[in-house]
Amino acid sequence: MPEVIQTYTPLWACLSALLAVIPIILLRKESFLREGATFVAGIVMLGFVISMVPEVLSGKVLECMLVQITRDVPIKFRVDGLGLLFALVASTLWIVTSLYSVGYMRGLKEHSQTRFFAFFAVSLTATMGVAFAGNLLTLYLFYEILSLATWPLVTHHQDKEARSGGRKYLTYLLGTSVGFALPALIFCYVKASATGLEFSTAGFLVGSVEGATALVLLLLFTFGFSKAGLMPFHSWLPGAMVAPTPVSALLHAVAVVKVGVFCIIRVFTGVFGLEFLKELDIAIVVSWIAAFTVITSSLIALTQDNLKRRLAFSTIGQLAYIILGVSLLTDRAVMGSMTHIAMHAAGKITLFMCAGAVFVATGKKYISEMDGLGRKMPFTFAAFTIGALSVIGLPPTGGLISKFYLVTGAMDAGQPLLVTVFLVSTLLNAAYLLPIAYRAFFPKDRQLASQPFSWKSTAEAPWACVVPICITAALAIVLFVKPQLLLKLASLMVTGTG
Amino acid sequence: MAEQYPILVLLVLLFGALLVGLAGMADRRICFPVTVTALALALAVSLGILQRVINEGVIRYFVAGWSRPVGIGIELRIDTINALVLLTITTVGLLAAVFSFRRVKEDKTEKTPLFYILYLLLIMGLSGMVITGDAFNLYVLLEVSSLTSYALIAMGKSRRAAVAAFSYIIMGTIGASFYLLGVGYLYLRTGTLNMVEIHQAITGLEGVSSAIVVAFVMIIVGLMIKMAFFPLFGWLPNAYSYCPSSTSCVVAPLMTKVGVYVMVRMMLTVFGTEWVFENLQYSQWMVGMAVIAILAGSVMALAQVELKKMFCYIIVAEVGYMVGGAWLANHWGMVGTVYHIMSDAFMTLCMFLAAGIFLKQAGVVRIDQLDGMFRKMPLTMAGFVVGALAMIGIPPTCGFFSKLYLIRGGMESGHWGYVVALLISSLVNAVLFFRIFEIAYFGKKPVEGHGHHADHSERSVIKEARLSALVPLLTTAVIIILLGIFNQDLVDLIERSLKGAEVIGSAVLSGEGGLG
Amino acid sequence: MGEIFKQYVIDHFNFWIAVILMMIGLYAMITKNNLIKKLIGMSIFQTAIILFYVSAGVKDGATIPILEHHAVEVEQVEMLAAAAGHSPSEHAASGHESHAINPDDYSNPLPHVLMLTAIVVGVATLGVALAVSQVIYKNYGTLEESEILAKIKAAENDG
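Taken in order, these protein sequences are the chains called A, B and C.
With the first letter of the first sequence counted as 1, position 55 gets the number 71 in my numbering; the numbers rise by one all the way through.
With the first letter of the second sequence counted as 1, position 264 gets the number 267 in my numbering; the numbers rise by one all the way through.
With the first letter of the third sequence counted as 1, position 53 gets the number 190 in my numbering; the numbers rise by one all the way through.
These are calculated hints, taken from the structure and not from any lab test.
Treat the hints loosely; a few may be bogus.
[Claimed, not checked] Here are a few chain C residues that face chain B, going by a calculated C-beta distance under 10 Å:
1) Ile157
2) Met160
3) Gly162
4) Ile167
5) Asn170
6) Tyr190
7) Thr200
8) Ile201
9) Gly259
10) Val269
11) Ile273
12) Tyr277
[Said to hold, decoys possible] Pairwise CB distance ranges (calculated):
13) A:Val83 x C:Ile173: 58 to 66 Å
14) A:Arg87 x B:Leu14: 33 to 41 Å
15) C:Met160 x B:Lys114: 50 to 58 Å
16) A:Thr130 x B:Phe489: 30 to 38 Å
17) C:Pro246 x B:Leu21: 29 to 37 Å
18) C:Met160 x B:Val66: 53 to 61 Å
19) B:Gln7 x C:Asn294: 54 to 62 Å
20) C:His249 x B:Pro234: 30 to 38 Å
Quick caveat: nothing in here was measured; it's all calculated off a predicted structure.
C-beta atoms are modelled at their ideal positions from N, C-alpha and C, and glycine is treated no differently.
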């Protein structure tokens with residue numbers, strides 16, 4: 017068993033976002049101070065998260081008991097490698113996105129910005145809660161809070177489209193979590209309440225379920241956490257693209273969907289335990305569902321002309337990578353899954369923010385209109401290219417690292433067919449992302465192409481939009497050069513010290 | 004003083020009612036303070052009772068000192084379960100009374116004293132039903148509470164209120180009469196009316212006496228009418244939706260819940276779980292009916308366009324939760340039922356308080372009239388959202404935990420149909436309440452296009468509710484969350500009574516049970 | 138056959154009468170169209186239950202339970218309690234009590250006392266019900282249920 021340290025740091029990290037809601041509401045008249053409060057909260061949160069890194073790296077586990085809410089199962093935080101990895105990603109990107117949303121929301125003169133920032137902070141609290149959740153009940157609690165807190169963000173425009181998108185969003189997320197994940201949770205509670213439902217590398221369900229019951233339970237969890245967008249419960253994700261772009265960027269490329277896959281990874285590694293799943297030999301069912309999702313969503317993405325929708329389907333495919341990786345159960349595949357959370361986050365948030373920047377600067381939403389835009393918005397599209405490379409998994413970006421682990425993991429698992437799935441989908445990724453970047457710089461239209469490039473003719477989005485894009489693009493490259501921290505955190509989970 | 008608490012809680016309310024009557028003759032404005040004082044005292048006393056039960060165990064109080072050997076005294080008997088339900092009743096009573104402050108003053112000036120007299124008698128009747136240890140006394144108090152609620156419902160401004168009250172009277176009287184008849188059979192067979200003594204006599208009998216089976220069936224059928232268990236719920240939706248808001252706020256949360264409580268009491272104390280679950284093989288049937296009740300209530304709630312009617316059908320479904328839970332015949336089912344009696348009382352109170360405020364401030368009767376409420380009445384909506392989340396079963400509200408325990412009970416006893424029904428009902432509740440949220444958030448006709456909001460163009464005339472309405476609502480919302488966070492303490496208390504051998508003496512409930 | 142008939146019907150004829158009255162009352166409450174007729178049914182129903190209780194307290198040849206011997210007080214009270222604790226059918230077993238007062242001489246007072254309360258409840262219910270039906274008459278101008286429902290429906294369609 018790893019050494020356990022009792023500390024309130026995870027709670028503070030969580031609360032720093034929640035407490036920010038108060039100044040945000042109080043300072044609603046002073047937009048500058050209001051956004052300042054968001055930044056301060058983001059930096060404080062990141063500080064708390066970073067302060068936990070050394071201890072976790074040394075193989076310890078941080079725990080924080082909140083409420084003994086039922087006899088056996090408390091509400092508690094427990095920080096291990098995976099949780100910290102996810103918290104690091106989310107809190108870093110929150111700061112970047114806050115900056116971006118200032119530019120975006122002001123640039124478009126959106127209404128109800130106070131409500132927007134307040135719910136943004138609440139969503140982050142919930143995300144942190146999921147990341148640090150020490151047991152299944154806590155995980156479920158914050159998962160549901162996140163679904164509810166993001167609804168006003170998704171439907172921010174309050175128009176017809178937002179209404180139907182928001183309806184789909186909640187129907188899918190709440191429907192699956194109450195219909196599938198909740199019964200699975202209670203079943204675990206009935207079966208193994210003595211273990212406190214606490215995540216552990218061995219899995220708390222070991223020996224309590226078998227055969228078909230275990231398979232049903234695993235599928236209930238996998239589909240129940242439908243934030244992961246696994247087919248056939250994926251269609252809320254393109255629907256939720258009606259949200260303002262910062263929301264799409266942070267929540268639908270990072271926080272919400274990643275919370276979904278995070279929960280599924282937790283189910284595999286913490287609830288069942290990899291060893292137990294190997295024994296049960298059921299995870300392959302999930303692998304094939306994920307593989308199907310990878311290929312299908314990539315094919316759908318090819319057909320989409322709306323940039324955000326194309327990115328959304330791309331996200332569905334990338335999330336399925338993560339689920340596929342963890343369901344292979346080999347050490348390298350699982351490590352690949354965990355690091356892919358971070359790698360994909362950096363790449364995809366860049367792409368989304370680029371889409372938003374294009375919209376702010378030109379009002380264009382469709383890929384067919386973006387010919388030659390790279391000349392007007394060189395920074396944006398340079399970043400877009402880097403983000404695309406990262407999502408495809410090409411050097412010099414972090415995407416390569418995680419994809420390398422995923423593919424070798426699939427080989428370890430002795431599943432050549434699934435290796436092929438990874439490779440084919442990589443080609444498809446390239447096919448739906450690279451042409452956008454290419455056309456932006458080298459338009460089809462002769463006239464556009466023949467114009468010489470000059471700095472004077474550029475018309476970038478506001479600096480508050482462009483700077484974050486450059487930061488995340490740089491991050492995608494940094495993750496290629498220095499992925500050690502993430503790998504170390506991820507390896508903690510598979511070597512059994514977590 | 005502390006020994007007299009059990010009777011004191013009733014006397015305070017009874018004399019409160021008298022005083023209200025006297026005060027009403029002098030000055031109608033005194034009625035409200037007197038009522039609130041009486042209820043606050045009752046709440047304090049019921050807290051004291053809970054304290055005593057926790058410290059000293061079961062309280063047995065003989066009214067006027069006529070202790071048992073004489074055979075004619077009325078016993079008040081309080082264990083942790085009824086102490087908790089009593090606390091729920093007095094709390095709900097106080098909150099709904101505070102809410103009624105302006106409403107009654109404006110609606111029915113001459114009738115203010117009458118309203119408060121009936122109100123206090125209603126709370127007295129309900130409290131008495133909960134703490135009495137005498138089966139016949141329970142009948143009398145059942146009728147006290149029913150009669151007062153008939154009158155309160157008939158006070159509604161709508162023309163239909165009287166018609167609804169009339170059918171409630173007919174159904175209610177049938178229910179109470181069945182109960183009385185059942186008690187008669189019990190008395191003939193056992194020669195006593197004291198619950199504990201009836202239990203002793205029943206366990207002393209050999210085999211299954213058909214007279215006692217008849218008595219049990221009559222009592223349960225009578226109570227089913229009183230608690231509006233499917234298919235005997237016909238009187239409820241009209242009665243609760245056409246009565247004045249201040250009445251529905253107290254009647255809707257309490258009447259059905261106290262009916263369920265009495266059923267639980269009959270099963271635990273009077274007949275004993277061993278007799279009920281082992282001698283009668285009714286569990287399958289009752290749980291099956293509960294499943295139908297849950298599903299039917301949910302489906303009918305979906306079909307409603309009026310806010311209060313929708314809540315009424317949700318109550319029908321929730322009664323199904325509790326009856327099913329009690330008949331799961333295992334530990335967690337019973338714990339879940341008793342816990343849900345409390346949590347559902349507060350959830351329903353929250354719903355009806357919010358509905359009352361909407362009706363008062365904005366004249367809202369139908370759901371689609373709620374457009375734009377998040378902006379117009381943010382605090383009211385905040386309270387309403389908490390109640391709605393509890394109804395759906397989102398942690399950490401109390402609704403989640405009652406579902407957790409009920410579903411656990413269902414899984415452990417293998418009643419999968421019940422488990423599925425609970426989940427479906429949660430989903431239906433999610434649909435119902437998010438439909439409301441959506442209307443309240445977007446407005447009736449969402450504006451086309453981007454970034455424009457309705458309130459730029461029109462200044463809303465609808466204002467946030469007054470403090471006397473908001474305080475009860477927000478207090479209820481806080482209670483809903485606190486009940487959830489401290490559910491473990493409540494469950495401990497409930498279990499203490501379930502495990503008391505004197506009460507049940509059965510292995511069915513006290514075992515920790517498990518699937519395998 | 139005759140034996141069974143005697144055992145179940147003749148010996149318990151009071152219960153049968155109560156049940157028949159109850160059914161009459163229930164029938165009226167559910168099927169009658171006129172609200173006052175419904176209330177009459179309700180009264181019959183309640184009275185049947187009162188009859189059931191009171192007849193259960195009667196014993197053959199027993200008199201009203203008023204004690205005339207003032208000398209023995211505590212004992213008697215306790216014994217009376219014991220008597221109250223037995224239904225008529227069990228009386229053979231309690232024959233060993235050879236005190237000055239034989240419980241068999243007195244009918245069981247408790248059901249009567251209970252029914253006093255039940256009568257009060259019944260009267261109160263009837264009073265409330267009559268008051269409510271008066272309000273209904275004021276509102277709708279009729280006491281026929283079908284007409285009232287028709288008027289409600291008409292009002293709904295208008296609104």
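Here's how the hints hold up against the structure:
Using the Cβ-Cβ criterion of 10 Å, the hint placing Ile157 of chain C at the interface with chain B is not satisfied: the shortest such distance is roughly 14 Å. This hint is violated: Met160 of chain C has a C-beta 12 Å from the nearest C-beta of chain B, more than the 10 Å allowed. Satisfaction of the interface hint for Gly162 of chain C is found here, the shortest Cβ-Cβ separation to chain B being roughly 9 Å, below the 10 Å cut-off. Hint status for Ile167 of chain C: holds, given a least beta-carbon distance of 8 Å to chain B, under 10 Å.
Hint on Asn170 of chain C is violated. Least Cβ distance to chain B is approximately 13 Å, over the 10 Å limit. Interface restraint check: Tyr190 of chain C against chain B, minimum CB-CB distance 5 Å, threshold 10 Å, status holds. Interface hint status for Thr200 of chain C: violated, as the beta-carbon distance to the closest one in chain B is roughly 19 Å, over 10 Å. A cut of 10 Å between beta carbons decides the hint on Ile201 of chain C: the least distance to chain B is about 17 Å, and the hint is violated.
Interface restraint check: Gly259 of chain C against chain B, minimum CB-CB distance 9 Å, threshold 10 Å, status holds. Hint status for Val269 of chain C: holds, given a least beta-carbon distance of 5 Å to chain B, under 10 Å. A distance limit of 10 Å between C-beta atoms decides the matter here; for Ile273 of chain C the minimum to chain B is near 5 Å, and the interface restraint holds. Here the hint on Tyr277 of chain C is kept, as its CB sits about 7 Å from the closest CB of chain B, short of 10 Å.
Between Val83 of chain A and Ile173 of chain C, the C-beta spacing of about 59 Å keeps the proposed range 58 to 66 Å intact. At roughly 38 Å, the beta-carbon separation of Arg87 of chain A and Leu14 of chain B lies within the given 33 to 41 Å, and the hint holds. At about 39 Å, the CB distance of Met160 of chain C to Lys114 of chain B disagrees with the hint of 50 to 58 Å. Range check, Thr130 of chain A to Phe489 of chain B: Cβ separation about 33 Å, and the 30 to 38 Å hint holds.
Pro246 of chain C and Leu21 of chain B have their C-beta atoms about 30 Å apart, which keeps the hinted 29 to 37 Å range intact. Hint check: Met160 of chain C to Val66 of chain B, Cβ distance near 36 Å, so the stated range 53 to 61 Å is violated. Remark: the range hint 54 to 62 Å for Gln7 of chain B to Asn294 of chain C is upheld by a beta-carbon distance near 58 Å. Between His249 of chain C and Pro234 of chain B the beta carbon distance is about 37 Å. The supplied range of 30 to 38 Å therefore holds.
Figure legend: structure checked against the earlier numbered hints; hints not met, in rising order: 1, 2, 5, 7, 8, 15, 18.
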